[in-house]
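**Q** Going down the list, the protein sequences come from chains A and B.
For the first sequence, the working numbering begins at 1 and goes up steadily by one.
For the second sequence, the working numbering begins at 1 and goes up steadily by one.
To be clear, the hints were calculated from the coordinates, so they are not data collected in a lab.
Wrong hints could be hidden among the right ones.
[Said to hold, decoys possible] Example chain B residues on the side facing chain A (calculated, C-beta under 10 Å, incomplete):
(1) T33
(2) M68
(3) P205
(4) S458
(5) V464
(6) A580
(7) T600
(8) C604
Bear in mind that the values here come from a model prediction, so they are computed numbers and not experimental data.
A virtual CB, placed ideally from N, CA and C, is assigned to each residue, including glycine.
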Amino acid sequence: MQELTNKALSAFEGKRNEVIPMLQAVQDEIGYLPEESIRTIAEMIGMPESKVYGTATFYSQFYFSPRGERTVKVCLGTACHVRGGMLVMEALEREMSIKAGDTTEDFKFSLERVNCVGSCALAPVVMVDDDVFGRVESKEAKEVLKQSDPEL
Amino acid sequence: MTRNFDLIEKEAIERWENTEKSNTPQIYVGCATCGNATGAQSVVKTIHKQLEEKRLDAVVKEIGCIGMCFAEVLVDVIKPGKPRISYQGVTPEIAEEIIESYLVNDDPRPDLALGYFGEGGPADLERIDTGEVFKNQQRVILKNCGVIDPENINEYIAHGGYKGLAKSLEKDQEEIIGILKDSGLRGRGGAGFPAARKWESCLKPKADQKYVLCNADEGDPGAFMDRSVLEGDPHSVIEGMLIAGYTIGASKGYFYVRAEYPLAIKRLRKAIEQAREKNLLGENILNTGFDFDLEIFQGAGAFVCGESTALIMSIEGNRGWPKPLPRPRTSEEGLWGKPTLLNNVKTFSVVPQILSKGADWFKSIGTEGSPGTAVFALTGKIKRSGLIEVPMGIELGKIIWEIGGGILDDKKFKAVQTGGPSGGCLPEDKLDLPVDFDTLVKAGSMMGSGGMVVIDESTCMVDVARYFLDFTFEESCGQCVPCRQGTQQMLEVLNDICEGRGREGDIEHLLELGDSIIKSSICGLGQTAPNPVLSTVQYFRDEYEAHIRDKACPALVCKNLIMFQINEEKCTACGRCRKACPVEAISGEKKVPHKIDQDTCTRCGICFSECPERFSAVERLTGKEKLAAASGKEG
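Sequences are here, hints too, so could you generate the full structure?
**A** Here it is as structure tokens:
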């Protein structure tokens, strides 16, 4: 983990204003922000670990625990909401037996809500990593997961 | 001094004309995020493969969004001497057909086409640029989107790009501000603050360093205007920032871009590189002694960072906390305590055209108080979703019925939501309102940055208000009590109303809370958060009252207030609902009408959508009907 952290941070000087880009670089490399990475960033910048952690938790993009191999994102932008996105989310929660924001026990999938992927004409939209499923109905939740993982 | 630019421009125009005049067909694929999401990249791959296999010569360009999202994936083909034909809903298979039919055999395939641009198209096809979608539009900010290759600076220059910069560099600072003042340009971020006044207040302070920031932290759910500009015409924004830098005396600028916009970031990076290569960015720009460079800062997912002081805090490496008043203006003490100019993507992108075409040209578009155009992401229950640009002053109804083609599935119009979580919902009798910054505010909504969501009879207005409050509650930075606690209180009341626990006095309670949040929050997020509730109470109070008094959701949306029931006379016992029900709440067998066990039912609605329309046996009940049915069950 330390090796990956160092690799991600090799291009940074450790300036105060580099906190967010550093956190982003580590998450790109590791997939989430382990405690020791936050400690390393704090040491490099010379600010308390708690402050780095406080900054990181303010932003919704940062994760503090390992994520699933694939991320299922349910768009709940306004267009998707009025076209029934929430019903799709509930169906996926039921199919995956987890709540939005969680990861399945086998670390295959994480489930997330996102605010507008900008494909409003296709609402409601579900994305599995970069694959987009448009005009999804709640009854199709199982199908979306099946297409994303043939083993299911 | 612009001799340098004349040379750059001449070369770019020559190159563009060479492709235009060449005997090579051109194929344009709409590859903005919306296109890619619909499968544009696999279409591009197929086209390249087909061209290679068939040994055909053609220029393939990945262009930005032309705005007709409803017809994605869009592929346009221009054969030499012929108009541009637009194909809609293209899949890799259809792309193969188009190449075989039109490129090889000269059959334009009207069955696959949406229409054509310009004059002289096939008789059995419709002309698009004068047709319903475009005739009420006026493309100023979006003029290059979907027209030029956003990754090719020469195409931007050949379409008049960087001319505004070249002209500006010949003027002194006050003169530029004078032109902006004359043009009446108002910031396109939402509030419509006069741009010239902002620029002027950044020019005055003396400082060793000043900054220009572009706010591309477009966070409204249901809005993608800024993204489309960055993806389709990144140089226009860069040029606007350059002019701003020259005018206020800044040598450094930042883009603050949502990290959720990877393609916009990629295109911006490329555009910045290309501008540097041509000495349009960097040191001693066009030999005038003006230095200016740009950097991209990726946001990390916080809606509040669209607020100017929060955005600055975020670039400095902190939580995105807005600074409460009293505080110095950012034009005096902004990023790292230096004078800072912050404008929205669309504001910067229109500045170059004002400088090159003049203030009078800009003023000739739109209304007196709000000159120019407005860009909207038209979405929701509308037939033709898309990105549109209209002159200010156009009637709301024209946007919905003519450009958007009316309501999806011909349902009844209920409201149109503008301004995102800071805006409001306007009912049918407001559809003749001319759209501009001031009229929308007067009617209880706002322009915002440009999300326009159409709502029909099957959408519950209380639920819509709850949706936005849930959003602002989640996104509240937590610094000030009115916003942090107030939005939570409002959300709890709305949850109660939607879930059947509404009480008399709840509406008044909401209005009172909303009033205090607006008056006492420290930043724009809190000060506008109650708007969606206030405007829905103003125009759709009867829906709130139905929820509270009759425990009824007239739009049949709020789960706790509805129940699903199978009409025994209509049910043919086909078994579809029974098989589809995820919680096995439906019982029945062949030839026996099915029944829903209300205690097990989670009201997910799958049985309702599964029951074939010709039977329509699954019914939704609310209010008195629901009560009667429920008590009937017991009796």
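**Q** Now tell me if each hint is right for this structure.
**A** Consistency of the hints with the structure:
At about 5 Å, the closest approach between the beta carbon of T33/B and any beta carbon in chain A falls short of 10 Å, and the interface hint on this residue holds. Interface hint status for M68/B: upheld, as the beta-carbon distance to the closest one in chain A is roughly 9 Å, under 10 Å. For P205/B, the interface hint is violated, since its Cβ never comes within 10 Å of a Cβ in chain A; the closest pair sits about 22 Å apart. A hinted interface residue such as S458/B counts as satisfied when its beta carbon comes closer than 10 Å to some beta carbon of chain A; here the least separation is about 9 Å, so the hint holds.
Because the beta carbon of V464/B sits about 7 Å from the nearest beta carbon in chain A, less than 10 Å, this interface hint is met. The interface hint given for A580/B is met, as the beta carbon of that residue sits about 6 Å from the closest beta carbon of chain A, less than 10 Å. Taking 10 Å as the C-beta contact cut-off toward chain A, the hint placing T600/B at the interface is violated, the least distance being around 13 Å. Checking C604/B against chain A: minimum C-beta separation of about 6 Å stays under 10 Å; hint holds.
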